[in-house]
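The sequence shown runs 985 to 1177 under the working numbering.
In short, the hints are calculated from the structure, not lab data.
There's no promise every hint is true.
[Claimed, not checked] The calculated DSS-like cross-link candidates involving lysine-lysine, where the alpha carbons are at most 25 Å apart (straight line), are:
| # | residue 1 | residue 2 |
| --- | --- | --- |
| 1 | K1125 | K1138 |
| 2 | K1044 | K1098 |
| 3 | K1125 | K1086 |
| 4 | K1136 | K1087 |
| 5 | K1087 | K1138 |
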Amino acid sequence: MKKSLYIGAVVYFVLMLLFFVVHFMFRGDAQFFRITMLMNAFVLPLIFGIGAFFSVYLYKKERGSITFLEALGKSFVPMFVAGFLFITCVYCNLNFIDTASKKVLNQQYIESYKHSLQEEYTKAKKVLKPNTEAYKELETKYQEAQVRIQYKEKQHEDMFSAYYFSLVFAGYCLFFLLLSLILSGFFRSKVSI
């Protein structure tokens, strides 16, 4: 158990280092939101996976054989520890320490939402024929989406609240469970009957 916690702490420190590198290098960039989303979608799962892999690998190397449940625990615990600490620290940083970055990220979220909506609308408008039912439906949905965006802007919707962070952590936990199941199946020792 201690090794799993230690590996979880190492993964956490790697994640925090990566967070601060991205945070300080790209904070003034117009693509700050996009860069952080790409990091969360592709780099973080890779780091979590590497940590879980090494946790199970080192345990199996030490013990020789390992059951499915042992492998499940040894892969899940480091990811859970690192994920919980990481989410908590990022939440505290954005909500209590660096609120300016939070404002920038919220604004860039709205801008990316507007941009993707406009892009989809323009593409669909080129394909559809004017004065058709589908064209009218597109116009109606576009207007509804514009109203939603204006509402989000007016309400100053906070995408970095405790509620949204808990949803992100729940998604991470689902990923941790799925990856742990895969690693457990891969590392478990085969028993002959």
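Hint check:
no.: 1; hint: K1125 / K1138; in the structure: holds (20 Å)
no.: 2; hint: K1044 / K1098; in the structure: violated (50 Å)
no.: 3; hint: K1125 / K1086; in the structure: violated (30 Å)
no.: 4; hint: K1136 / K1087; in the structure: holds (14 Å)
no.: 5; hint: K1087 / K1138; in the structure: holds (14 Å)
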